Each structure stands twice: as structure tokens, then as C-alpha cells.
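Go ahead and model the full structure; you've got the sequences and the hints to work with.
Protein chains: 2
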Amino acid sequence: MSNIDQSIETRTFEVTQESIDQLINNIKSKNIEFINNQFNDLNPSDAAELLSNIPEKFRVKMLLIDGLQIKPEVIIELNNQLQKDILNKLPSDNIADIVNNLESDNALQVVTNLNEDKKIEVFEKIPTEDKNLIEEVLKAYPEGSAARIMQTEYCAVPKNWSVGETIDYLRETEELPKEFLQIFVVDENNRPLGSVSSSRVLRNPRDKKMQEIMDEAQLLIHGDWEKEQVGYLFEEYNLVSAGVIDKNNKLIGMITADDILTVLKESTEEDAFKLAGVQDEEITDSAVKITKKRFIWLTINLFTAVIASYVIGFFDGNIEKVVALAILMPIVASMGGNAATQTLTVTVRLIATKSLTSENLFKIINKEFFVGFFNGILFSFITGLFVYFWFYDFKLSLLIGVSMIINMACAGFSGIAIPVILDRFKIDPAVASTVFVTTVTDVVGFVSFLGLAGFFLGI
Amino acid sequence: MSNIDQSIETRTFEVTQESIDQLINNIKSKNIEFINNQFNDLNPSDAAELLSNIPEKFRVKMLLIDGLQIKPEVIIELNNQLQKDILNKLPSDNIADIVNNLESDNALQVVTNLNEDKKIEVFEKIPTEDKNLIEEVLKAYPEGSAARIMQTEYCAVPKNWSVGETIDYLRETEELPKEFLQIFVVDENNRPLGSVSSSRVLRNPRDKKMQEIMDEAQLLIHGDWEKEQVGYLFEEYNLVSAGVIDKNNKLIGMITADDILTVLKESTEEDAFKLAGVQDEEITDSAVKITKKRFIWLTINLFTAVIASYVIGFFDGNIEKVVALAILMPIVASMGGNAATQTLTVTVRLIATKSLTSENLFKIINKEFFVGFFNGILFSFITGLFVYFWFYDFKLSLLIGVSMIINMACAGFSGIAIPVILDRFKIDPAVASTVFVTTVTDVVGFVSFLGLAGFFLGI
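Protein chains in written order, with my numbering: chain A, 19 to 477; chain B, 19 to 477.
Derived by calculation from the structure, the hints in this document are not laboratory data.
The structure presented is a predicted model; accordingly, all values stated were derived computationally and were not measured.
It does not matter which identical chain is used: a pair holds within one copy or between any two.
Below, computed lysine to aspartate or glutamate pairings styled on DMTMM-like, alpha-carbon distance capped at 25 Å:
{"no.": "1", "residue 1": "K381", "residue 2": "D298"}
{"no.": "2", "residue 1": "K157", "residue 2": "D103"}
{"no.": "3", "residue 1": "K149", "residue 2": "D242"}
{"no.": "4", "residue 1": "K102", "residue 2": "E254"}
{"no.": "5", "residue 1": "K311", "residue 2": "E287"}
{"no.": "6", "residue 1": "K372", "residue 2": "E288"}
{"no.": "7", "residue 1": "K372", "residue 2": "D276"}
{"no.": "8", "residue 1": "K227", "residue 2": "E190"}
{"no.": "9", "residue 1": "K46", "residue 2": "E377"}
{"no.": "10", "residue 1": "K227", "residue 2": "D186"}
{"no.": "11", "residue 1": "K310", "residue 2": "E67"}
Dropping the structure here:
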């Protein structure tokens, strides 16, 4: 069973400090043979991980050593930012080589990550037809569209072919994709009529017509659809691959589930990161680099906090008279903030999965308001009771109870209304919502608690 | 092109209020023919969406109408909670029918969602060998393991077979999975030696040996691996399918990328939800139900807020003398909270993707501390300056600056240390971290700002 054990071994590679140190020493001594062997022994994904884990200055140094040979697939496995950095440091001959050896979707990704000068240089060094194909897709389809992640290599046969003819064609034709999960059946204008999975071709007799065994209801992706939407459809309809068509319903490429796994992971992860104000970060980014990346978000939050403080400032007279107000006010603001974050997180997912429709929107906004309101009532009792046994002041209990209800109902409402409104204005709700929502719950929390203090406590 | 247009049409079904109302009316009048047609006209995924959107009381009513026929696949497409609810309301005959008509992975999922009594009833009504297979997997592999999401139907051939023999076997054998992406090559003990994709079988001549064209380095999944880990491997290595083996390295099943899409989506989504204190929620859950689900998290947060208030209470004397302290203290706490949330969100993803190793852990903790510290220095200047122009009090500026540095450095450190420690103690860091981290940043924020006030302001 050495085969299996070995295959499992190779795949569960972990980047150790030892392997990094060893590599760094060999980079210092420009031992190109060791470096090439090191990378070529690994699976592309693991090689990319190793490459990501070398400190930046050694990585740059390594890339400039003559004779360096890194498989094109390794570049593809790098995360986007690192891929950009590395590509733009490689000589254009090297990049042209990489582009020529990749499947179309990956070649496209590489070209997209080049800066303008590099792109022009590389285009001069690749076959004209490849260049035209890439330029066409770049021109016709925006970044983030389905066409940008499809591969233009696919397998299609005319509708009148039999299983036997198809198999013979597949055996004899050289320039076909290395692997394909389905074979498209197309009309004379290359418009897909249906598709047959490779396994179904295998299981049918040679004289069976492809048209008879094809699946007509196969989902087709439009090239200009957003890739996140495609991810959603793959997940929803359990697809392993799907054809991509252009505006005239002609087949232009194919997307497979392994590409979608990355899209789906990134888009869900991105939303969570955006909500917390984190940009694309690399595990190898230096503390200074990360500090810079997180600075903007913290600055925006400083504004929010200052607005809240400014609001508190209006009621300094009340606080001077009753210090308990200062002690208790963070409770009201914090409960509102947490209730709003719950609603917000759910809403951002509902928007991302297109589950909010004009049909159900008002019902769900209404519901979130009531969830906030109900929890407000529950916590007004709990907090009121607790404050009574702390300060033995019934009026103070009443005050915190009332402001709790007001703030938590507002939290529920703004937690859904703000991301929905931002989304309508084409602003990414995951990025911008938290700031607005927190401001609302802070301001409403402090105003209701400190403002009503005059009325309830008679100060 | 009617085929394509129709297929796209069918797939972009949206649940409208009209269709729901119409269905409810037909449930009321027990018009079973309409109901059956309505569900059978739809793709299983869309049918499940429609079913999820009917209010609970009508759904229960509908399930009890005689003659109701819902395709087994529809049940599978429901989210887990709803699937449980519905299954346990159906008669056991009906469930046995569903189990018999599903592939093994889905049948297993259905059985897992039955309560004990129902399970025993259903087991009496399905073929013994199916029952044994299900019971075996249930006994040997825990919930959330790879074996629980695999299908036990797969396609394997002996190593000495040729492509021709394989194709003949596939054509002649009835009981094979409907679709398969790869054919495993196994030894006499059913241990996989490698695998050949269906398309590679198609592209090779009949006399070629399977062993010659097989891929030996194919990743094999152990049945007891966590399904999230499997999702991570699929994404990392761009897999569309993989074999599952038992402790003796024998092939026991197969997992395909379409199942993994759901695993990956759910696990990423779950982490984001857990961080915000949201449990599994349904778009059709009532406000009362959601209020209950969110209540616990808010209660925990109330404790956190109370601890912070209690800390403020210690310094009521200082606040009484300088009201500006009450006005400014939320800024220090809020900046710490936000900085910690950034670190926490990143750390939870690092833990989920197993990117933190004993090798890099201390380096990264150190880095996060410095990110907090650096941003603390930047914001101590910004906030100090701004406070000076608000209160014209240099000592107050100095005070907020110093406490800002202390709190943000603590935020960076606790934002990573707390989830890492929780993870070591086998507590899910996504669920529990936020509470602890917020408590730390609140307490440190208030203590440093209010506590140092005596020293800086001489009060």
C-alpha cells in the first residue's frame, strides 16, 4: 500500500520553520538547483503555500535568481495580491511562458494581474490567437463576471452524433481540455442543446445518439453574470460543471465546481471580513503593512465614537448631578449594538444570497423591528431589576428599561434598513453598514438614556 | 433555441407572494392534485424553497393531506432544521419510500434527522442490507465526519483491466451510481491504487491498461476526517471528487465537489454568524422564535456590559469631578473593541483554515500585538490632538493618548490569544471569543482611562 500512504503524505504537507530556513539559506547562497527541486517536488498548492511563507525580501531575491523554474500552476495557487506582486517582478519572457502553459481561465487570471506595461510586453510574446482570445474576454466581460473565471477549452459535438462517433472523436483529437466532466451537444451555430456527462457516455452503447441521452435542463451560465451569483447557483443546484454562453446563446466556455469552491469561499469570507473592517490580509504581511490596512477602518470608527461622545457632551449637566448615568450608559449602547450586529449579519447574508425580494422585504424589516422590540422588553425587565438592586432607585430602573426598549427596537430596524438602503444605492452593505448601524445605536442609546433622565429623575 | 431559454427559465424560479397565497388556498381546500403538480413542476431545489416559504401551520396541514407526493430530492434540499421538522411529521411509510429512493449520502442524512422512534419504524421498512450499511456508517463515524457526507455508491475496477473491459463493464452493469466523475482502480482487498477520470477513460484506446493511465497521487479522504477539513482540502487542491477510505485503507465511498460546496458555504457562513451571536435562523422563523434564538447571546453580552459598568463604578469619584471623563471614555473602549474585532475575525479564519501552526503561532501573536500597539500610537496622537481642541486640556489629551495605546495593544493581543486558547481547550473560538475579547477591551479601556485620570489630572 505504499502508493496510498505516499499520496496521502505528499498531500498533507505543512510548511515548517525548518523548511523555510533551509530555503532562505539556499536563496542567500543562490543554490538554484536546491530551490527548483524544493518547489518541483511539491504539489502546486503546497508549493504556493511555501512561497507565501518566505519573507518578502527573500522572495524577491529568489525571483531574480537566474534559472529559477517554478511551475505555472504554482503561480495560480497563490492568493491574488501575492500573485500580482510576484508576476510584476518576473521578466516578461518568464510570464509569457507561464501564460502559454496554462489553461485559458488561469492564463486570463495571470494577464489580469499584470500592470499595463508588463501586459503589453507579454502580449508580444504569446501566440496571436491566444492573445486575441484573452483580449476579447477582457473587453467583453467585466472583472468578477462568470466569463472571467471560465475556461474557454470545452468539449462539444453535433447533435446527430452517436456515442461511438463521440468516443472516436475524443480518442483522435489532440487539442481538447485535459479533463472534462461533460460533453456539450450543440447545433450548427454552436448553441448548446444539452449536455451529457462523461460517465453517461461511458455507460451507453456506441450506436446510441448523443441527443437521446443528453440532459436538456442543464443550467447555462451567461458570461456577464456575477461570479458570486454563479457560485450561488452551483451550490443551490448541486452542479459539478456548467457551460457558459454569450449574448447570442453560443457556447463560449465552461466552469467547473473546483473553481466555484474558491469563489464561494472567498465571497463568504470576504463578507465576514468586511463586516469587521478587515481588508485582504496575508499571513506573511508585516505588522506595519497590517497596521496600515486596518488604519482606515479604525479612523472611520473614531468618527463614530466621537459623534457618540459629542452626544454625551450635551448631557454633561445630568451626568454631573447623577454619576450613575455615566456608569450605566454603556449598557444601553452596548445592548443596542449587539442586537443590531445580529440583525446586520443575518441581513448581509440574505442580501448576498438574494433572499430578500420586493415581496418579502417589508415583512422581514417588520419582523426584525419586532425582534428588537421583544428583546428590548425582556431586557428592560432584566436590566431594570438589576439596576434597582444596585442603586435602589426605582426611577433609574424605569429610565434604563424605557431607553433599552427604544434602543433595541431601533437596533433591529436599522440593522436591516441600513444595509438594504446601502444595497439599493449600489454600496456594498458588508463594508459600510457597521459604521452607520453602530452610530445609530450609540446615539439613540445615549440620547434616550441621558435625555430622558431629566424627565424620569426630575433633574 | 427554446430548449435553452426554457431551461434557464426553469432554473431562475423566484418564490412570489402570489404563488405562496395560491398554494395556501389549495392547502385549505385540500386540492392535492394542484399541490402535487405545483411541486413536481419545479426543480427539487426550487420546490424546497417554495416549501420553506409556506408558513409553518399550513406546511404541517399540507403534510398531513392524503396522497401528497413530494420527490425525495426536495426533502434533501431543505435546510437541516426544516428537514428534521418535516420528516418527523411524515408517516414512516412515506419516509421509508424516501430513503429507498435516495442515494446513500442523502438517505443517511434523512435517517440522521429522524428521532429515535421514527428511526426504528423506518428501519423496519427498508431492505436489510441498506439498513445495515446505514447503521454501520452511523456507528463507525461521528456526525460531521467525511463518511457522513460520502456516497457509498462508487465505481471501481481491478488493476489489470483495460479501458475496453472497463467500458464494457460500465455498459453492462446495472447497479452503478447514476453519475461518477472518476473510476477507482483497486487491488484485491478493495484498496485504491489510483483513479482515472471518466473523461480520460473516454480518450484512451480500448487496449490501454487502466493502471497505466491512472493518477496515483489522487488525494484520499479518511472517513473520520472532519467534513470542514475535507472542504478545505477540496478547495486547496481544486478537486471535483475524491475517494473515501476506512482505517484499513479500503475504499468505502466517494465525495464530490457539489456536496463540498454546501459544506464550505455553511462552515464559512457559520463562523461569521457565530461571531455575531446568531444561531441557525430561517427566513420563515417568526419574530418570537428569532427573539428566543438571539436572547441567550444578548444575555451573555449583558453580563459583559455589566462588568464594564461595575468597573466604571469604581471611579465614580473621578467622573463626578471631571465630567469630560464620562464623555470621552466610550471612545477608548470602542477603539479597543474595534481593533480587537479585526484581529479576532482574522484569527478565527486562520484557525478554521488550519493556518496557525506551533511554528508560526508566537510570531503571529507577536505581530498582532504590535499591530494593536502601532495603531494605538497613531490614534493616541489623533485622539489626543482632537481632545485638546475640544477641551483645551493638555493633561486630558495625554491621558486619553496613553490609555488608547494600552487598550489597543491589549486588543491586538487578546484578539488572537483568546480564540487560540479557547481552541486549545476544544471550545469553538467563533462562538465564545467575542464575549471575552469585548470584556477585556471594555475593562482595560475604562480602567486605564479612568484609573490613570487620578495620576494625570491630579484628582
